[in-house]
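Colleague: Next come the chains, spelled out residue by residue.
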Amino acid sequence: MTPQKENRPIVMKMPVAEAFIFLAAAFVNHAAKGLGLDEEGADALSLATEEVIAYLARMAHAEQDVEICCSAGSCFIEAKISLPVRELQLHAFNMTATVNADDEAGLDQMGLLIASRMTDRFRIARSAGQRLVLTLVKEFQYPEIKRDTSSQAPGKLGQYTLQAADAAHIKWFLRLVNQYYPDALIPLDFRYPGKVVDMAAGGDYQILTANGAAGELGGGIAWRWEGRKTVELYGPYIFQEHSDPQMACDLMDMCIGHVARTSALTLINRRPTPDLPEGYLEALEPKRDKISTDDSDPARARFRMMVEETGEVVWAHPDVVDFLQSEYRRLVFPRDIQASGSDGEAGEPFSVLSAEIDRRLAVATLRPIWPGGDSAENLAAHVELLRREAMATILFEMDLGQAWQAGFTPGLIALGFFPRMILPHAGSADLLIFQLRTDA
Amino acid sequence: MKMNDECRDKMAIDRLVPDHIKCFEAYIPSKPDDVLMKMAGCSRLLRLNNNENPLGPPPAARKIIESYPPPRASVYPSGDAYHLRCKLAGRFGLHPDQFLVGNGANEVIAFVIKAFCQEGDNIVTADKTFAVYEWVATFSGFEARLVPLKDFAFDDAGMLARIDDRTKILFVCNPNNPTGTYWSEERLRRFLDRVAGRQIVVVDEAYCEFVEKPDFPDGLRLIAEYPNLVVFRTFSKMYALAGLRIGYLAGDRDVVDIVRRTCVVYSVNGLAQEAALKALGDQEHILATRALVRDAKRMLTRELDHLGLTYVSGEGNFLMVRLPMSDTLAYRKLMTHGVMVRSMAGFRFPNWIRITMALPDAMNAFVEALAEMLHHDR
Chain P
42 MTPQKENRPI VMKMPVAEAF IFLAAAFVNH AAKGLGLDEE GADALSLATE
92 EVIAYLARMA HAEQDVEICC SAGSCFIEAK ISLPVRELQL HAFNMTATVN
142 ADDEAGLDQM GLLIASRMTD RFRIARSAGQ RLVLTLVKEF QYPEIKRDTS
192 SQAPGKLGQY TLQAADAAHI KWFLRLVNQY YPDALIPLDF RYPGKVVDMA
242 AGGDYQILTA NGAAGELGGG IAWRWEGRKT VELYGPYIFQ EHSDPQMACD
292 LMDMCIGHVA RTSALTLINR RPTPDLPEGY LEALEPKRDK ISTDDSDPAR
342 ARFRMMVEET GEVVWAHPDV VDFLQSEYRR LVFPRDIQAS GSDGEAGEPF
392 SVLSAEIDRR LAVATLRPIW PGGDSAENLA AHVELLRREA MATILFEMDL
442 GQAWQAGFTP GLIALGFFPR MILPHAGSAD LLIFQLRTDA
Chain W
1297 MKMNDECRDK MAIDRLVPDH IKCFEAYIPS KPDDVLMKMA GCSRLLRLNN
1347 NENPLGPPPA ARKIIESYPP PRASVYPSGD AYHLRCKLAG RFGLHPDQFL
1397 VGNGANEVIA FVIKAFCQEG DNIVTADKTF AVYEWVATFS GFEARLVPLK
1447 DFAFDDAGML ARIDDRTKIL FVCNPNNPTG TYWSEERLRR FLDRVAGRQI
1497 VVVDEAYCEF VEKPDFPDGL RLIAEYPNLV VFRTFSKMYA LAGLRIGYLA
1547 GDRDVVDIVR RTCVVYSVNG LAQEAALKAL GDQEHILATR ALVRDAKRML
1597 TRELDHLGLT YVSGEGNFLM VRLPMSDTLA YRKLMTHGVM VRSMAGFRFP
1647 NWIRITMALP DAMNAFVEAL AEMLHHDR
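Residue numbers (this note's numbering), protein chains in the order written: chain P, 42 to 481; chain W, 1297 to 1674.
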């Protein structure tokens, strides 16, 4: 009998002290294996944990406890390391805290950076109650889709029904998507059918397919949640020789019907296909010149609100007010933009940034955790570090609902970041996404 | 006061919350009109979103509201709307104990679900209808089985097919909000015969007073024949007492006796009870409202035809229009013109909006704003 997969979180609490570094590593290693990660992955995760705990042991007070929680996602194992921090300690949790940018050896000594290299995703965030949470994610290994065989697309389907795809239909759907659509219109996950099947089984992806009377697969659509308020949509993908606008509309209607009456406020499609019917989604990004050297992706992000917008206050530095006004006017979003900036009041000396690194996509996302007088220098140090880590895209997410975050704007502009787009309701209010110019 | 970490750890509110509540998101109602106007930058707000009656309450109810003595506000109302139940009983030929009055019909939906459902039970209703049946069931921890509409109407065969041993209640919105379709008396009877008393059948008649079709069923008359039938009605729509929150249910005495056990008494305020008492059955008001709705629909459908837009216009004081754009974008754009409509994505009708029939000035303003919006969008 196959043992049932364990998916309850496994938690350990221990003092932050050098003596317990190996205990933490062993705990994560065994927990990860027990939760289904292979030997190699478990070793990487436990080594990353070892680095983090060693780092914390140097930075934190000995009397503090650290909590380590290992849990299984649909296609990954996650180790969350959290500890209460005092404000004065916070600056130590910048990834750049001990980096000497001119000294390669110094870089190699940095525990947090090493931990990030051993994992697929790594992030530091501040949670409620002054706790700092370091999250290490190691994904399961899946074989990449075989591209050497081709499936024939069906002719025009006279009749079809839409249904939630089972594992077999998900794999068939992904074969056709990979065969008929360019990479730029396909999320990376779609190259790994086993991963998508696991994610769908875990509720991370939802996939609908349009099936003909004889079982032919005519098209499909997929979506997944990003937090509690945003749903990302992929497709619609129509495989028939001559597209089928009605099928595309039906897929969109069904997708929106599923997302309606949930906590989702917005639906985003970063890779709209040519099959996306007119009128369902709005352009998210302003018209501008190409923003990266990647010209394989001419598509513009689209979105729609799932609820009626009633307006809110946002906080912004004067440097981006023109951009925001213009964008809110274009998007027809009622917003009361309040200026936020320093008027000489006393502030914290050290800022803190969290960094989320996705090594597969070479994307790094910085998020402010704490304001401080050194924000420009801190940003510059992070950018330098991320460039050394070969991050092709460096983003900065500013929550316009948090007035203090506007203080990072001058530093961002000086470094060559530009405001790229607004993600409505993606933070405590809207998120303003800055992107570093590739020529900066 | 700053909560210390230990205290926060101990609280760990997450551990106290049932799974079905964790998955559920609170409904966020619209902001007040003054805030909306300020945000949208408009100097007026035409409310075509909530199916309110622009004529306001009938004259007798209006008089009650205008002359309500302030000292009465310090006295508890009748805990079970005694006089109103007696009047309802007299008007509809039922016993006062066959009625339960609630703080709007929404409250009586919760009473019925609480009375009949327990862990593992389910309810059956349509996917594209008034959301509250689904919401109350879901946040109470019961499965809401949603049957797709067929030709914009409740699918009786589809609903019957979803019934199992754990199905306790079937909710039918007649006429349906937002499509305006309805089941005739013959169809409703056939459905009730097929259910054969095994489940509670709730027929929500919130918009029944707007319907003039001769084959439209009067649910209250059918209760004597079908003791498992529960009928909802409201004073919010035809009688224009939405701001006072008052609605009621009617059913067989044994059924209502069960539902009463879950009912929160004293939830309906005294002014609402008295205004409803006076409003009930004002035929002149009903005829005037029906005429307004008829005229507004005639004018609006003519203009929608002219604009080349698809619409669904059935019974009730509303109709639905399909737009060549996102409904939530249309909502935002129309708000800048001071016109508030209901976007239909939340009803699972993306790119449709629902418009309440209103006075000619408001309807004209809507048509003008709609035409301008579509013109700019082309």
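Honestly, the hints are just simulated from the structure, not real lab data.
Check the hints yourself; a few may be wrong.
Said to hold, decoys possible - Within a straight-line C-alpha distance of at most 20 Å, the following computed EDC-like cross-link-like pairs (lysine to aspartate or glutamate) qualify:
#1 P:K54 - W:D1310
#2 W:K1334 - P:D377
#3 W:K1334 - P:E80
#4 W:K1383 - W:D1514
#5 P:K270 - W:E1362
#6 W:K1446 - P:D291
#7 W:K1574 - W:E1482
#8 W:K1327 - P:E353
#9 W:K1318 - P:E353
As the list claims (entries may be wrong) - According to the in silico footprint, chain P covers these stretches of chain W (three or more CB under 8 Å from chain P):
#10 1324–1332
#11 1636–1642
Just so you know, even glycine gets a beta-carbon here, dropped at the ideal spot from N, CA and C.
Colleague: Take the hints in turn and mark each one as holding or not.
Modeller: Now the hints, each set against the structure:
no., hint, verdict
1, P:K54 - W:D1310, "holds (19 Å)"
2, W:K1334 - P:D377, "holds (9 Å)"
3, W:K1334 - P:E80, "violated (60 Å)"
4, W:K1383 - W:D1514, "holds (18 Å)"
5, P:K270 - W:E1362, "violated (44 Å)"
6, W:K1446 - P:D291, "holds (15 Å)"
7, W:K1574 - W:E1482, "violated (33 Å)"
8, W:K1327 - P:E353, "holds (10 Å)"
9, W:K1318 - P:E353, "violated (25 Å)"
10, 1324–1332, "holds (count 5)"
11, 1636–1642, "holds (count 4)"
Of the hints listed earlier, those the structure fails to meet are numbers 3, 5, 7, 9, in rising order.
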